[in-house]
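K.L.:
Same order as they appear, the protein sequences are chains A and B. The first sequence begins at 9 in this note's numbering and counts up by one. The second sequence begins at 18 in this note's numbering and counts up by one.
If you're looking for bench data, these hints aren't it; they were derived computationally from the structure. Backbone N, C-alpha and C fix where the C-beta goes; we use that ideal spot for every residue, glycine too. Hints are supplied without guarantee of correctness; some may be wrong.
Okay, the calculated beta carbon distance ranges per label pair [said to hold, decoys possible]:
| hint | chain 1 | residue 1 | chain 2 | residue 2 | range |
| --- | --- | --- | --- | --- | --- |
| 1 | B | ASN237 | A | GLY291 | 28 to 38 Å |
| 2 | A | GLU51 | B | ALA65 | 24 to 34 Å |
| 3 | A | VAL133 | B | ALA33 | 39 to 49 Å |
| 4 | A | THR31 | B | GLU114 | 28 to 38 Å |
| 5 | B | ASP219 | A | ASP42 | 36 to 46 Å |
| 6 | A | GLU21 | B | ALA118 | 24 to 34 Å |
| 7 | A | VAL39 | B | TRP245 | 56 to 66 Å |
| 8 | A | LEU264 | B | ARG248 | 21 to 31 Å |
| 9 | A | GLU57 | B | GLY216 | 40 to 50 Å |
| 10 | B | ALA65 | A | HIS79 | 31 to 41 Å |
| 11 | A | PRO44 | B | GLY185 | 56 to 66 Å |
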Amino acid sequence: MLAAASALRSGDELAGLAAASATRRVAARWVLADLPLKAFLNEAIVPYESDEVTRLIIDSHDAAAFAPIAHLTVGGFRDWLLSEAADEAALAAIARGVTPEMAAAVSKLMRVQDLIAVAKKIRVVTAFRSTIGLTGRLSTRLQPNHPADDPRGIAAAVLDGLLHGVGDAVIGVNPATDSVPAATTLIRMLDELRERYAIPTQTCVLTHVTNALTIMERGAPVDLVFQSVAGSEAANAGFGIDLAVLREAHAAAQALGRGTVGQNAMYFETGQGSALSANAHHGVDQQTMEARAYAVARAFDPLLANTVVGFIGPEYLYDGKQIIRAGLEDHFCGKLLGLPMGCDVCYTNHAEADQDDMDSLMTLLTVAGCSFLICVPGSDDVMLSYQSLSNHDALYLRSIMGLRPAPEFEAWLEQAGIAAPDGTLRALADGASPFVRQLAETIS
Amino acid sequence: MTEVAPGEPINAELWARLRRTTPARIALGRVGHALPLGEVLDFQLAHARARDAVHAALDTAALEAELAPLPVLHVASDAPDRATYLRRPDLGRRLSEQSAALLAAAKGKRCDVAFVIADGLSATGVQAGAATLLKACAARLGDLAIGPVVIARQARVALGDPIGEALGARVAVMIIGERPGLSVHDSLGIYMTFAPRPGRSDAERNCISNIHGAGGLSPNDAARTLGWLLREALRLELSGVALKDDQTPALPFEDHGPA
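Let the sequences and hints guide you as you build the complete structure.
P.N.:
Shown next, in the form of structure tokens:
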């Protein structure tokens, strides 16, 4: 029923789970609307006995938090979420009482404007050296990837991002190889750069969690520990992880105590279709499996979590319409479950999408109060060969909606001469920044 | 450098030096908060080329002519068109019924290596470089018996498995168009599978990727690597993760493959 009620997407068609007709899809929504929320606590869609993600969801369910909504059906939940009774405090109070399946189910009954309206009311605030998720703020991940992991090339892209006011969520590099020494080199370089210029942000090299454990053991300066996560034990096994290794990494990162204004030290990425692509979806639709990944993420109090919504390709999300809806569903479900949810607004060249679709999705997500977005120079990720948002896009979003970066980072931008006291970016030709000159000369 | 692009104190010369450190689109300047028009159109052109490469149809007759005098067989996957191919990777890994029959009829002489040229996600790349690459590879195989070259349309990497099996090949070597990026839209990849048969996993293949003329691997370098891998695969009777060792040149493995 969950699959049949889902808005049409190619991944569910590929899995043979999509509704057989448009009429049946709506019929499934009528049936889903009358299902009591409690039913999701009694019937596991992935077996409890054989799946540790299901056990995590059920065993960590907070019955007291669930109490205010325990009497509702899925349809009634949708109406309550949109009501004035569901204000910021009420939504925060129920987060640990909502299971991923409840979040996914209700999202299937919500139009785009509903997904935006409810997500907008939810605040999830996390912190490390900067504070993410405050009202009136939009944070960004600076993604300075390089096809050969060249430290100077990465530093040049970091400078480009900083000059656009980007990087307050994290300066996060996807390494081109799986090599521990190469990742360690980048971690040290980024940390030195951040330390030298006292930039109030955190750095991350998005290497496998087991690599991060080795790197931490060897004493390298790891801020955030990254991992891709999915919604079933088998899908996580495909990523080479389980909950135990995430617990170990979480504990190790906490023990380093490197945060200043907070200690949220984990960073997770997800994306619809990852469970199906590992053939680990248990006959469940891709959006519900995606929401289950958020249960994994929230167990480790991350600083950041984001869906990489258009990365996986057209066999899971075919075109701009499917990518846009999926991005808003993911953001809504993540926020409802209490995650500091961001998004990599992106697409590949074999998907039916272009920059106009990304403009639409990033604008909608920002209206919805998205915590952070990923930015790469000129939208072109030259290592992963896909298109994300550009540094310029962050300027556009902040300006049209009057949003500012994280407060610590905002203050630094002004001190460094990158931003004027009113928050607007200086034209570099104004030439007021000794920092910029020094940094550029160091890199080159 | 346009509009409010960096002037003093980061002068143009300094930025030029920074730009040489990365192919990333840094120091683009801005107009208000937006990209300058030249950058917008440059990006659109790169995207358009990549899109065209994804949707182009392979001219199989021209490719066959280029491959002469090598014997050629033409096959297709179970994906009838590009739109289906993009949505249904499972169909792109299966032979059409007609193609399976054709290959069954063609099976005959000893075949050590079956070459498959597949459109994958860049028919443009295959059209431009596959014949040259194949000839460079074939020249390094010594006395190994090469089967007819199979040209496969709407094909994913794993289509090489039923093709290789049908020809009774000891090893299948697929040359395939990789997913186009903005900077390179005509890159080729080679996938080598020992004892090909449906159900082989990607971990059982060796991949040589990023074969193209814009700073990628040259056909001769790729052929040299393939020659080494082929000899090792035949000697050890396996391919994939287990084959890699320190003698293998460090190759960039980027997940561009339409696996």
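K.L.:
So, for every hint listed, does it hold in this structure?
P.N.:
Structure-based check of all given hints:
no. : hint                               : verdict
1   : B:ASN237 with A:GLY291: 28 to 38 Å : violated, 49 Å
2   : A:GLU51 with B:ALA65: 24 to 34 Å   : violated, 49 Å
3   : A:VAL133 with B:ALA33: 39 to 49 Å  : holds, 42 Å
4   : A:THR31 with B:GLU114: 28 to 38 Å  : holds, 33 Å
5   : B:ASP219 with A:ASP42: 36 to 46 Å  : holds, 44 Å
6   : A:GLU21 with B:ALA118: 24 to 34 Å  : holds, 29 Å
7   : A:VAL39 with B:TRP245: 56 to 66 Å  : holds, 60 Å
8   : A:LEU264 with B:ARG248: 21 to 31 Å : violated, 48 Å
9   : A:GLU57 with B:GLY216: 40 to 50 Å  : violated, 28 Å
10  : B:ALA65 with A:HIS79: 31 to 41 Å   : violated, 55 Å
11  : A:PRO44 with B:GLY185: 56 to 66 Å  : holds, 60 Å
Hint compliance for this structure: hints 1, 2, 8, 9 and 10 are not met, and every other hint is.
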